[in-house]
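Based on the hints, put chain B in the right spot on chain A.
Going down the list, the protein sequences come from chains A and B.
Once you know that position 75 of the first sequence is 75 in full-length UniProt numbering, the rest is easy, because the numbers rise by one and skip nothing.
Once you know that position 342 of the second sequence is 342 in full-length UniProt numbering, the rest is easy, because the numbers rise by one and skip nothing.
Treat the hints as calculated values from the structure; they're not laboratory data.
Where hints are given, some of them may not hold.
Identical copies go unnamed one by one, so any copy, or any two together, can satisfy a pair.
Said to hold, decoys possible - Pairs of lysine-lysine, DSBU-like flavour, derived with a Cα cap of 35 Å: (1) LYS191 with LYS245; (2) LYS347 with LYS245; (3) LYS362 with LYS322; (4) LYS282 with LYS156; (5) LYS266 with LYS191; (6) LYS322 with LYS78; (7) LYS245 with LYS362; (8) LYS322 with LYS306; (9) LYS282 with LYS347; (10) LYS139 with LYS245; (11) LYS362 with LYS139; (12) LYS228 with LYS278.
There are 2 protein chains.
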Amino acid sequence: MSRLSLSDADKQARDWFAETTQSLGCKVTVDAMGNQFAVRPGTQDGNPVYAGSHLDTQPTGGRYDGILGVCAGVEMLKTLNDNWVETSFPVGVVNWTNEEGARFPKSMVSSGVWAESIPLEDAHNLKSVIPANDTATMKSELERIGYLGSTPASHKSTPMAAHFELHIEQGPILEAENRRIGVVRGVQSYKWFTVTVRGKDSHTGATQFRHRADALLTASKMILASHKIAHRHSALASSGILTLKPGSTNTVPGFVQFSLDIRSPKNETVDEVEAECKEAFKQIAAGADVDSGTAPSERQCSVEWKTDFVSPATFFHDDCIKCVQEAGNDLCGHGEVKDLDIGSWGKAMTSGAGHDSVYTSKRFPTSMIFVPCRDGVSHNPAEYSSPEACADGANVLMGAVLRYDKLRSARGH
Amino acid sequence: MSRLSLSDADKQARDWFAETTQSLGCKVTVDAMGNQFAVRPGTQDGNPVYAGSHLDTQPTGGRYDGILGVCAGVEMLKTLNDNWVETSFPVGVVNWTNEEGARFPKSMVSSGVWAESIPLEDAHNLKSVIPANDTATMKSELERIGYLGSTPASHKSTPMAAHFELHIEQGPILEAENRRIGVVRGVQSYKWFTVTVRGKDSHTGATQFRHRADALLTASKMILASHKIAHRHSALASSGILTLKPGSTNTVPGFVQFSLDIRSPKNETVDEVEAECKEAFKQIAAGADVDSGTAPSERQCSVEWKTDFVSPATFFHDDCIKCVQEAGNDLCGHGEVKDLDIGSWGKAMTSGAGHDSVYTSKRFPTSMIFVPCRDGVSHNPAEYSSPEACADGANVLMGAVLRYDKLRSARGH
Numbered sequence: 001m002s003r004l005s006l007s008d009a010d011k012q013a014r015d016w017f018a019e020t021t022q023s024l025g026c027k028v029t030v031d032a033m034g035n036q037f038a039v040r041p042g043t044q045d046g047n048p049v050y051a052g053s054h055l056d057t058q059p060t061g062g063r064y065d066g067i068l069g070v071c072a073g074v075e076m077l078k079t080l081n082d083n084w085v086e087t088s089f090p091v092g093v094v095n096w097t098n099e100e101g102a103r104f105p106k107s108m109v110s111s112g113v114w115a116e117s118i119p120l121e122d123a124h125n126l127k128s129v130i131p132a133n134d135t136a137t138m139k140s141e142l143e144r145i146g147y148l149g150s151t152p153a154s155h156k157s158t159p160m161a162a163h164f165e166l167h168i169e170q171g172p173i174l175e176a177e178n179r180r181i182g183v184v185r186g187v188q189s190y191k192w193f194t195v196t197v198r199g200k201d202s203h204t205g206a207t208q209f210r211h212r213a214d215a216l217l218t219a220s221k222m223i224l225a226s227h228k229i230a231h232r233h234s235a236l237a238s239s240g241i242l243t244l245k246p247g248s249t250n251t252v253p254g255f256v257q258f259s260l261d262i263r264s265p266k267n268e269t270v271d272e273v274e275a276e277c278k279e280a281f282k283q284i285a286a287g288a289d290v291d292s293g294t295a296p297s298e299r300q301c302s303v304e305w306k307t308d309f310v311s312p313a314t315f316f317h318d319d320c321i322k323c324v325q326e327a328g329n330d331l332c333g334h335g336e337v338k339d340l341d342i343g344s345w346g347k348a349m350t351s352g353a354g355h356d357s358v359y360t361s362k363r364f365p366t367s368m369i370f371v372p373c374r375d376g377v378s379h380n381p382a383e384y385s386s387p388e389a390c391a392d393g394a395n396v397l398m399g400a401v402l403r404y405d406k407l408r409s410a411r412g413h
Numbered sequence: 001m002s003r004l005s006l007s008d009a010d011k012q013a014r015d016w017f018a019e020t021t022q023s024l025g026c027k028v029t030v031d032a033m034g035n036q037f038a039v040r041p042g043t044q045d046g047n048p049v050y051a052g053s054h055l056d057t058q059p060t061g062g063r064y065d066g067i068l069g070v071c072a073g074v075e076m077l078k079t080l081n082d083n084w085v086e087t088s089f090p091v092g093v094v095n096w097t098n099e100e101g102a103r104f105p106k107s108m109v110s111s112g113v114w115a116e117s118i119p120l121e122d123a124h125n126l127k128s129v130i131p132a133n134d135t136a137t138m139k140s141e142l143e144r145i146g147y148l149g150s151t152p153a154s155h156k157s158t159p160m161a162a163h164f165e166l167h168i169e170q171g172p173i174l175e176a177e178n179r180r181i182g183v184v185r186g187v188q189s190y191k192w193f194t195v196t197v198r199g200k201d202s203h204t205g206a207t208q209f210r211h212r213a214d215a216l217l218t219a220s221k222m223i224l225a226s227h228k229i230a231h232r233h234s235a236l237a238s239s240g241i242l243t244l245k246p247g248s249t250n251t252v253p254g255f256v257q258f259s260l261d262i263r264s265p266k267n268e269t270v271d272e273v274e275a276e277c278k279e280a281f282k283q284i285a286a287g288a289d290v291d292s293g294t295a296p297s298e299r300q301c302s303v304e305w306k307t308d309f310v311s312p313a314t315f316f317h318d319d320c321i322k323c324v325q326e327a328g329n330d331l332c333g334h335g336e337v338k339d340l341d342i343g344s345w346g347k348a349m350t351s352g353a354g355h356d357s358v359y360t361s362k363r364f365p366t367s368m369i370f371v372p373c374r375d376g377v378s379h380n381p382a383e384y385s386s387p388e389a390c391a392d393g394a395n396v397l398m399g400a401v402l403r404y405d406k407l408r409s410a411r412g413h
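Bound conformation, chain A alone (with noise of 0.2 Å):
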C-alpha cells in the first residue's frame, strides 16, 4: 500500500484516528509537527502512558510497518473500555508524523522535533520529494490537510510517562527461530550518506576504457566495496537511491550520485565502516583500485561524501523492558522461566530499523515490541504478519502498559 505521510489518504487516516479515540472517550492533541496524541484519563491526574508508532507508509509500502502499533494502541483503548478497566495514570495512544521519511526525506522527523533534537524550522521546510516535482513542504501539507495544531511540537507540551511500541520485526529472526515475540533492548546505530561520483561524459562508442572517467562504473565499484567492507565487520551498508547524468545509452555518464545507509549495534562499528568506505572510495575514484580484471584509465573520478543523518546505538530504559518482558511470560510463558530471563516464546532483540521509539527514548522511559513478519519482508505490499502474531503483539503491548501503570501506582508518580 501507498499512503505517503501528509497525503490525502494520510488525511483520511488521521480522521480515523481522532474520531475513533474520541468515540472511546479520549481527548486528542495536536501538535505543531501533526503528531496526534489520545489520551484516556486514569483516576488520577499524570503523564500519560502511551502505546505509539505511525500511519504513514513507504510509496511501496506495506499494511503492518507503522499501523500494527497504532492499531494495536486504539484496540487497547476499546478493550480497556469494554471491561470497565481503570488505570491508576492516564493512558494513550500516539500517531507519530512522517516516521517513515519517505515523502519528506527524514525519518522520524515529527518524533525528532519533539524531543526538540531536530528544529522545528528545519522540519516544516522539508520538501517532499515524492510525487516528483511536488513543490509542497511539510508545513504546507500540514495546513493543506489541516493537522498543523497550535500545541508546540516539543515532549514539555506533550509530556509521557513512558512510551511502548509495537512493530513488526522487519527482519526474518523471530519467524526463523520459531519465538512469538521480541523484546527489543535498543536500536542499532545508523547513518545516512549522499555520495556523488563525478567523471566525464564520453562517447561509449569512441573513448576507449583508458581514457573514460565513467562515473557509473566507478560508483558500482563503490557500492560493491562498501558491501564488502560491511560484511567483514557483520555491519549493513546498502544504497537504495541512485541518479545519473547524462543518461543516454551511448554516453558514458559523468555524474552519479547515490545513498549510503550504513548500520551496526555499535557506533565504533558504524564509524570503522564509515572510515573504510571513505579510504576505499578515493582509492576507486582515483582508479587505484587493483581489482584484477579492469581496465586501467588515465582520467579519475573525484568523489565527495555528505552526511544526511546521523542515529547513535539507542538503548531502552530497563523498567519499560520488563514490563515487556513480564507481559509476554503472562502470554506465553509456561511459569519455568526466571525473573528477567526470556522463555522460549521470545528473544531479546536490537532493532536493525529506526524508529519513533529512538526520540521518545531520549526523554522519557521506552521499549518496543516485535513480532514476527513473513519471510521478514517489510517496505513492500507482501509484508505480512499472521492474525495470531498480530493479537500476541497486541495483547503484550497493553499489558506492558498497564504494569508500567501498576509500577508507578505502586512507587506513587
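Just chain B now, with coordinates in the frame of chain A:
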C-alpha cells in the same frame, strides 16, 4: 549545448539550413522523416553526391558532433559558388533527423528508414524520452514543427551517387598520434540491450545480507563484470542509463534496469562478449558469483535481457575511401606517399560510434572523414576541434566529393 531532435531549437537550425542552401541555389526536399536534402545542379542530371550528417545533439552535447559535417557541406556549396565551379553531376548536403537517438530512443533512425532498414511506422511512433513525461512522438513533433515532408522517406525517392560524412573523431587517437585526418574504412559492430534485474524490496536496517535480494548490488556486480569481460576481449561495454525502484534510502531496491552497449570492430567479438555477459549475469543473479568478500544470500535475483538495437560491422566503399585518401594527400601530403598508402598526415580507422553513413552504405557507396578533437571528448559541452582541424576536414570533404564527381564523369554515369 542541447539541441534535441525536433525541438524548437532544432526547428530553428532546420530553417537556417533550408534558407541558406536555397540562397546558394539548391533545391531542398524534405521527406517523411524530416530528412532535408539540398541539391546543387550539375552540368548533367543524375543522382547527387552528398555530404551529410546531422544537426541534433545529446542533452548535454557538443558543438561539433554532426554539426561540423553539415556546416562543412554548406561551406562546400559556398566555395563551389564563389569559385564558379560546375560539377558534372549534382552535389548536395543532407541533414539527417534524430541521429543521436537521445530524444527519440533509436539512433540513426531516419537514415535507417530511408535505407528501408527500419519501418516508417516504428520510427513515427517512437516516444520522446526527454524531457521527462513528454508524450510527443516523432510524427507528432515532425508535424508540430512543420517538417513532416511529403516525399517518401526512402532511398528510392531520394537516391544518391555516394555519401561522404565528415565528423569529429569522438576519440583521442588522432590527437595522440598527431594526425590531421582519419580515413574511415568502416564502423564497428555494436549491440544495445536493456537489462532488468528483479530482487525484493526490503528494509535496509532490518534485513541481513543473507536474506536480501538486492537488485542494485546485483546490477553493480553486473556492470563491473561486463566491463571486465569486454576488457578481456579488447571490446567495449558501457552502461549509460540506470533506473531503480522504489528509490528510498532505507529500502533495498527490488528493481533495477540498465542499458548495456557492447562494441567491437568484429561482429563475432560482440557476440562473444554478449554470450559471456549473459552467462555471468545469470550466475551473479543466482548469487553464484564467487567474488571473495561478498556476503552470500538465500535469496536470488532474476535477470532479463532485451535487445534494443543491433548494428553489424560496416565496411565502407573502396572508391569513396580512395577519394578521401587522395583528397587528404592533396591537402596534407608531401608527395612521398604511394598510391593507396596513407602518409603521416592521416590514419586508417574504424569508427567506434555509429553514424548515418552506416545506413547510407547499405544502399550507396559511402565513406567518412574524421578530424581530431581535444582529449577525445564528445557528447559533452567541452567538445572541441580547432578551426584548423575543422578547415582540414572541410577541405578533404569537398576534395572527396569533387574527386567522386570526376570518377563518375570518367566512367560516364
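Violated constraints from the hint list, given by number and in increasing order: 4, 8, 9
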